[in-house]
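The lines below spell out each chain.
2 protein chains.
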Amino acid sequence: MGGDFAPHATVAGALLALGELDSAHTIQLVGRTAIIAAKLDTLLATEYAALKPHRHRIDIVDAPDVIEMTDKPAAAVRGKPNSSMMIGLKMQSDGTSDAFVSAGNTGAQMAASMVILRLHAGLKRPAIATIFPSARKPVVVLDSGANVDCSADELVQFAQLGAVYAEDILGRSNPAIGLLSIGEEAEKGNAVVKEAHQLLQSAGLNFVGNVEGRDLPNGACDRGPIDVVICDGFVGNVVLKFYEGTAPFIIGLLKQSGLDEKTMLNALKQLDYSEHGGAPLLGVNGVSIISHGKSSPRAIMNAVRVAVQAIETRMDEHIGRRLQEGAA
Amino acid sequence: MGGDFAPHATVAGALLALGELDSAHTIQLVGRTAIIAAKLDTLLATEYAALKPHRHRIDIVDAPDVIEMTDKPAAAVRGKPNSSMMIGLKMQSDGTSDAFVSAGNTGAQMAASMVILRLHAGLKRPAIATIFPSARKPVVVLDSGANVDCSADELVQFAQLGAVYAEDILGRSNPAIGLLSIGEEAEKGNAVVKEAHQLLQSAGLNFVGNVEGRDLPNGACDRGPIDVVICDGFVGNVVLKFYEGTAPFIIGLLKQSGLDEKTMLNALKQLDYSEHGGAPLLGVNGVSIISHGKSSPRAIMNAVRVAVQAIETRMDEHIGRRLQEGAA
Numbered sequence: 140m141g142g143d144f145a146p147h148a149t150v151a152g153a154l155l156a157l158g159e160l161d162s163a164h165t166i167q168l169v170g171r172t173a174i175i176a177a178k179l180d181t182l183l184a185t186e187y188a189a190l191k192p193h194r195h196r197i198d199i200v201d202a203p204d205v206i207e208m209t210d211k212p213a214a215a216v217r218g219k220p221n222s223s224m225m226i227g228l229k230m231q232s233d234g235t236s237d238a239f240v241s242a243g244n245t246g247a248q249m250a251a252s253m254v255i256l257r258l259h260a261g262l263k264r265p266a267i268a269t270i271f272p273s274a275r276k277p278v279v280v281l282d283s284g285a286n287v288d289c290s291a292d293e294l295v296q297f298a299q300l301g302a303v304y305a306e307d308i309l310g311r312s313n314p315a316i317g318l319l320s321i322g323e324e325a326e327k328g329n330a331v332v333k334e335a336h337q338l339l340q341s342a343g344l345n346f347v348g349n350v351e352g353r354d355l356p357n358g359a360c361d362r363g364p365i366d367v368v369i370c371d372g373f374v375g376n377v378v379l380k381f382y383e384g385t386a387p388f389i390i391g392l393l394k395q396s397g398l399d400e401k402t403m404l405n406a407l408k409q410l411d412y413s414e415h416g417g418a419p420l421l422g423v424n425g426v427s428i429i430s431h432g433k434s435s436p437r438a439i440m441n442a443v444r445v446a447v448q449a450i451e452t453r454m455d456e457h458i459g460r461r462l463q464e465g466a467a
Numbered sequence: 140m141g142g143d144f145a146p147h148a149t150v151a152g153a154l155l156a157l158g159e160l161d162s163a164h165t166i167q168l169v170g171r172t173a174i175i176a177a178k179l180d181t182l183l184a185t186e187y188a189a190l191k192p193h194r195h196r197i198d199i200v201d202a203p204d205v206i207e208m209t210d211k212p213a214a215a216v217r218g219k220p221n222s223s224m225m226i227g228l229k230m231q232s233d234g235t236s237d238a239f240v241s242a243g244n245t246g247a248q249m250a251a252s253m254v255i256l257r258l259h260a261g262l263k264r265p266a267i268a269t270i271f272p273s274a275r276k277p278v279v280v281l282d283s284g285a286n287v288d289c290s291a292d293e294l295v296q297f298a299q300l301g302a303v304y305a306e307d308i309l310g311r312s313n314p315a316i317g318l319l320s321i322g323e324e325a326e327k328g329n330a331v332v333k334e335a336h337q338l339l340q341s342a343g344l345n346f347v348g349n350v351e352g353r354d355l356p357n358g359a360c361d362r363g364p365i366d367v368v369i370c371d372g373f374v375g376n377v378v379l380k381f382y383e384g385t386a387p388f389i390i391g392l393l394k395q396s397g398l399d400e401k402t403m404l405n406a407l408k409q410l411d412y413s414e415h416g417g418a419p420l421l422g423v424n425g426v427s428i429i430s431h432g433k434s435s436p437r438a439i440m441n442a443v444r445v446a447v448q449a450i451e452t453r454m455d456e457h458i459g460r461r462l463q464e465g466a467a
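Heads up: the sequence lines are chains A and B, in that order.
Each residue of the first sequence is one higher than the one before, counting from 140 in our numbering.
Each residue of the second sequence is one higher than the one before, counting from 140 in our numbering.
With the rest of the complex left out, here is chain A:
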């Protein structure tokens, strides 16, 4: 029920994902049954008719309440226990599902994930990991919005979360971790970043030092490629949204220049981070994938694929282990 284009984008995205995934995977669509069933019928009778053979892999799970985009997270968690958000996450703690994907209210998804799935032992805060397209391989940026004021300890834990994510979901071995700052020298940055820099040097990670804003689109710093970039959720969110706003701006510039629109849109599609799937809320026990409210069916499909990768690689277990090692 969540997201600006629900239920169309979520139901269509689920169908697309089933078409791509191994037949062992099934999807539970959680929300108002009548609405979901009607949407599913319409899609399978029209645009998505080719995916009819996958209909039996979908279960519809009723959830009468809907958390609105404007609901306050804590109030939504307390006041709407029968929302698709709460029921969908509870299915994971009950063992009837393995992962949760939503394009709904991000704050509510964070709060509900923390309440229902709980955090890994020793972890202070969860973090949202986002994939940034780059000139080289995509880069994982975290936190991209879960926490506004972070301590140095929390940034180090984000590095551990991000390393596991890069290994499991992006298949990077010994991922290179950069700390986002305003200069590559250890003494550059704000107080928290300078402290985190010191802590990261003995955190048992492949820490490559500070990276700068320009290294993000480049996918590398002077010392080589970067897989993961660590920052607090304020900076991460500002940069992420800035990036989102840049592609439409550039398309506008190119249009004015009179080039063929279709070719350019294709070239710039790589800039669309939704192509890379949803952003997992890392640190909760389980899988909770946060999709953009403006997700298209394709973006939802990609979010489901990320969820499946997280399950298959046992990312959640790896995070638990990594955090224990980090604390030991």
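Derived from the structure by calculation, the hints contain no laboratory data.
A pair counts as met if it fits within one copy or between any two copies, since identical chains are not told apart.
Pairs of lysine to aspartate or glutamate residues, derived as EDC-like cross-links and limited to a Cα-Cα distance of at most 20 Å, are as follows:
| id | residue 1 | residue 2 |
| --- | --- | --- |
| 1 | 229 | 207 |
| 2 | 327 | 288 |
| 3 | 263 | 334 |
| 4 | 433 | 210 |
| 5 | 327 | 207 |
Given chain A's structure and the hints, the job is docking chain B onto it.
The following block gives chain B in isolation, referenced to the frame of chain A:
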């Protein structure tokens, strides 16, 4: 002597600026006399021969010391009193020059500007203002790197500095000021931003509330166009450098797509913030323009134009007055 392409870019930029500016303006080139004179002769004998009639508007002022990009700011200020940075700024406090432009060591320029020009009365910190191209009019972003940890009071002062800059240099009347945050609601943001939001509501400015990362390339938020965006220097620097890195990345994407390179480069030139001139260090008594180390002659020329505009609009005086009013 400063910048990655000095003295070529600085001397050539000065010539280009003289070609564009009113004939009343003159330029003092401060640095090692022999090097500057030789460069000037070469340029006027070749590529810039058309600008020979402006030669008499250039004075060369000898400064034997050179501050390197790797020098620590405080040490450079103390240890190299005869550097082009120190001598160039002192000419302003002596009344023999009206503005200072440099593409050298930014930290040293900040430190030297604060020591020699001093801050306006009541001001806690200076800020670097950068112009971001946008889908609408360019947007002033400050602080873009002078201060890593800022208090709410400091952010409010940056808003005052930015308002004057937008009025005097960009010709905006009653400039719309946005506070960079992670949501438009007043309660969104980190602790400092939330406090600054409250203070800005009664600061006597045209404060339009919080703006998000995506509003920057857009040049507007939901409530209308934005002229000035306020943030601390950590966030501002990260976003600025991110923006710098995005254009080459996008050009790469478009090249891969096989479009005509020249047309695209022209379209994307608007993304090159150096086209918009140097970034003034706002808050010092006087005019100190910080150019990018990688400045081209064109970027230096634009920085000189910004300096002249600052002088002609009496921006510095306006800032002093605005700060007094803000304190009253």
